[in-house]
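All chains, please: the whole structure from these sequences, using the hints.
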Amino acid sequence: MDWDWQYTWDEVLPALLDGLVVTLEVTVLAFPLALVLGLVLTMLRRSRRWYVRHPVRWVIEFIRSTPPLVQLFFVFYAVPLLIGLRLSALVTGVVVLGIHYAAYLSEVYRAGIDAVPRGQWEAATALNIARAHTWRSIVLPQAIPPVIPALGNYWISLFKDTPTLLAIGLLEILTQAQRLGASDFKYVEAITMAGLMFLVLAYGSSLLVRYLERRYGTVERVV
Amino acid sequence: MAQSNASSDDARPDARYIVEFRKVSKSFGETQVCRQLDLQVEPAEKLAIIGPSGSGKTTILRVLMTLEDIQSGYVIVDGEHLWHMERRGKLVPANEKHLRSMRTKLGMVFQHFNLFPHMTALRNITEAPMSVLGLDRAEAEERARELLDMVGLTDKADEHPSRLSGGQQQRVAIARALAMRPKVMLFDEVTAALDPELVGEVLNVLRKLAEQTDMTMIIVTHEMGFAREVADRVLFFFDGQIHEEGTPEKIFTEPERERTKAFLQAVLQH
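Just so you know, the sequences run in chain order A and B. Following our numbering, the numbering of the first sequence begins with 52 at its first residue and continues without gaps. Following our numbering, the numbering of the second sequence begins with 24 at its first residue and continues without gaps.
Take these hints with a grain of salt, some might be off.
[Unchecked claim] Just a few of them, taken from the derived set where beta-carbon distance is under 7 Å, the chain A residues facing chain B: (1) Glu173; (2) Asn179; (3) His184; (4) Pro192; (5) Gln193.
Think of the hints as simulated: they come from the structure by calculation, not from any bench. Built from N, CA and C at the ideal position, the CB exists for glycine as well.
Encoded structure:
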């Protein structure tokens, strides 16, 4: 088969760039949501109150045990019927992937927090430092730098999960490629270029993560 | 901890003492580390606690610093109950607010320093005065630099703990605790994690503190020479109880009880 460069240049790339904008929108909005919500879940899971701790643990297990595709379908198709709340495909994608990854990131944070020696909490108590300030100034600055590589891996993983949004008709990179392939029967050009686009962006992200790890990966450099 | 009548004799603070343990019991599972412990410490007293490992010495300090709670009895610090608070004439278990107000009276230096590794020496010392006492940065740094000067580390203000020796880290930890200006300072085997050649510099700081301040100091230590030189009173702790106590002279030269003699013989041989 001959590779159609003209078609690739005129049709595939513009469409994929449109899809890229959507993919990046979802990733860039969902990941910070996952970062913040994951941290909140981690802290709630360590609450002294059992009626906070237990439900949060259960919710995290529930989210981690169901596929994101099922969660997407549920929020996009079932929630409007159940409570009348209809979200756009983009918002659904951001919310579902954000919450889904928050459950995973909470495990990453947990590992980082567990690695902070107990003596650090005790020193903070002996100095009478309030619990919220202990979290903010003493525990998290030590817990987060070592888990930057793991957080970065989830950023790349979330980015690579955006094609699942095809299921709710969001025009991200793979949906665009599939649409072109179906209309012009030039699947090879469309899907290959989509794959290359993911490869370039994922590799670029992993370089960024490595840089962040070098720059902030040691506890001493944080403050 | 049970409720009790605040005015009962067992619970009423005695103004002569800054720290009191009244029939305090504490156990970890099956192991009882304090058995009906009674202990009084006078203001400005320098009390050394010695005894074999696992005898419960450190637990006394951890209970005072509110790092471990108690199962029964009363602990009184500076005329107020530590683990209880008064509500409608009854003593009830203390809440976090009460514990926080009591912690302002106490400071603790740990065996393993527990400095915050992501902060410089200066920031380690200013963090609590700024966030807890509400000092502004300039005031807190001035206080911190005075303390660094006192512990002989003026030039290490901007170093992170990882760039300091063990002895230097421990001196920063002492300065950090002093920055909160506690009435009672607790020292938990502060030289036990140090290389032998670094022990002296830390003990010198403690000596200076003992000589120049009227702060109450409770020192758990294995440094017998230091205890003998600095303490007003030495307490030999064994099996969750005070086995023997007295002046350093009495404990180190004429101990009465066999267990004390055996312990001192064993440690002084090394």
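Checked hints:
A hinted interface residue such as Glu173(A) counts as satisfied when its beta carbon comes closer than 7 Å to some beta carbon of chain B; here the least separation is about 5 Å, so the hint holds. Because the beta carbon of Asn179(A) sits about 4 Å from the nearest beta carbon in chain B, less than 7 Å, this interface hint is met. With its C-beta approaching chain B no nearer than about 5 Å, His184(A) sits inside the 7 Å limit, and its interface hint holds. Proximity of Pro192(A) to chain B holds as hinted, the smallest CB-CB distance being about 5 Å (cut-off 7 Å).
Taking 7 Å as the C-beta cut-off, the interface hint given for Gln193(A) holds, the closest approach to chain B being about 6 Å.
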